[in-house]
Amino acid sequence: NAGVMQNPRHLVRRRGQEARLRCSPMKGHSHVYWYRQLPEEGLKFMVYLQKENIIDESGMPKERFSAEFPKEGPSILRIQQVVRGDSAAYFCASSRGRADEKLFFGSGTQLSVL
Amino acid sequence: GQQLNQSPQSMFIQEGEDVSMNCTSSSIFNTWLWYKQDPGEGPVLLIALYKAGELTSNGRLTAQFGITRKDSFLNISASIPSDVGIYFCAGPEMAGANNLFFGTGTRLTVIP
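In the order they appear, the protein sequences are chains A and B. Under our numbering, the first sequence is numbered contiguously, ending at residue 114. Under our numbering, the second sequence is numbered contiguously, ending at residue 112.
If we strip away everything but chain B, and leave its shape as in the complex, we get (with noise of 0.2 Å):
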């Protein structure tokens, strides 16, 4: 079955220092999304991807499509303790479908 593995599995890091996090997918992926999740809350749409090659920024969040549209990529830059949750990547299952597929994903500790 489709598998969408993330890396790593978690990470704790000094508050100011940059995060970079991947996603790999067994097949390939026309869109990425990033989603945070807060304890105990629903995950929220962080960046959205549609094209390979794709570079795309939101604040300190920048995210790239992967050239072979079966990877991603999440970089946080200068880290604050508000960063802490767990960052999901998704993708339609398949071309077309509406339901997300759900990655593994990274657990953030931002150590003050």
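Extracted from the complex, chain A is given alone in its bound form (with noise of 0.2 Å):
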């Protein structure tokens, strides 16, 4: 019974390339969230998605971040332009349903902009 799933781990890009970053989340859930964490400080929420919808995207950065969760396949975080403020911890968590506060959270990519 796997948990939620991210992928990869860790993440180097040089400056100006794109990150994709990758979510699977746990079996039975349709309910996507993406969070980021900077060193010594505590998760600030970035988006949270259905099937093929965004929800809510209010703390997504307005230029370079984007989010999807297709039909198909996990859900995917890009980055593009890295620099090097975006060098973070990116946690995906997972939910059953709209109503469900209980996130079961991923073990994160961790992103370093050289």
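In short, the hints are calculated from the structure, not lab data. Just so you know, not all the hints are guaranteed correct.
As the list claims (entries may be wrong) - No more than 30 Å apart at the CA atoms, straight line, and that leaves these computed lysine-lysine pairs for DSSO-like:
| id | chain 1 | residue 1 | chain 2 | residue 2 |
| --- | --- | --- | --- | --- |
| 1 | B | Lys-51 | A | Lys-44 |
| 2 | A | Lys-102 | B | Lys-70 |
| 3 | A | Lys-51 | B | Lys-36 |
| 4 | A | Lys-102 | B | Lys-51 |
| 5 | A | Lys-102 | B | Lys-36 |
| 6 | B | Lys-51 | A | Lys-27 |
| 7 | B | Lys-51 | B | Lys-36 |
| 8 | B | Lys-70 | A | Lys-44 |
| 9 | A | Lys-27 | B | Lys-70 |
| 10 | B | Lys-36 | A | Lys-27 |
| 11 | B | Lys-70 | B | Lys-51 |
Combine the two chains into a complex, taking the hints into account.
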């Protein structure tokens, strides 16, 4: 009974490159959330998606960041033209339904921008 | 904006000691969640609280939903080395919201 799966665990990019982070939710979960965590800080909400829909993207930077959760396949968080300030741990979480506040998190992707 | 402040920020305790930490909010919460994060891993849900005054246990962990609905407490009894990590409180950003707002965290170190 696999939990939330994220890959890669570590991603190194040079400034200006693109970063793609993948997340497969827990079995039976159709709601996905992306969070960002800077060193020594708590998690900050970025975006909430259901299959094929973005429900809430109030935490997403307006430029260079996008997220999708297609009908088939994992959710993708895409960062274009990365900058050093994008270096952080990015966590994906999933929940069973809209009214379920219990989120289950993956192990995260550590993005390092050189 | 909304704030969730946790105290203490960090704790160093001897193995076997009990631990208390708390979380206070600038606004009312209807749900409180406590998570633990190990180094290099994602947060793991420990306890969920849904009603003011509620006291819930999970093994050596006990959490309480404050009467004012603006605070919550987490206690760990008889600490062991694997309790090391960062403990976060969290709650829905607003009523009916799914996305969670996280506290600033309490970093616990247990000295064997």
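Okay, the hints, checked on the actual structure:
no., hint, in the structure
1, B:Lys-51 <-> A:Lys-44, "holds, 25 Å"
2, A:Lys-102 <-> B:Lys-70, "holds, 19 Å"
3, A:Lys-51 <-> B:Lys-36, "holds, 28 Å"
4, A:Lys-102 <-> B:Lys-51, "holds, 15 Å"
5, A:Lys-102 <-> B:Lys-36, "holds, 14 Å"
6, B:Lys-51 <-> A:Lys-27, "holds, 29 Å"
7, B:Lys-51 <-> B:Lys-36, "holds, 21 Å"
8, B:Lys-70 <-> A:Lys-44, "holds, 20 Å"
9, A:Lys-27 <-> B:Lys-70, "violated, 34 Å"
10, B:Lys-36 <-> A:Lys-27, "holds, 22 Å"
11, B:Lys-70 <-> B:Lys-51, "holds, 12 Å"
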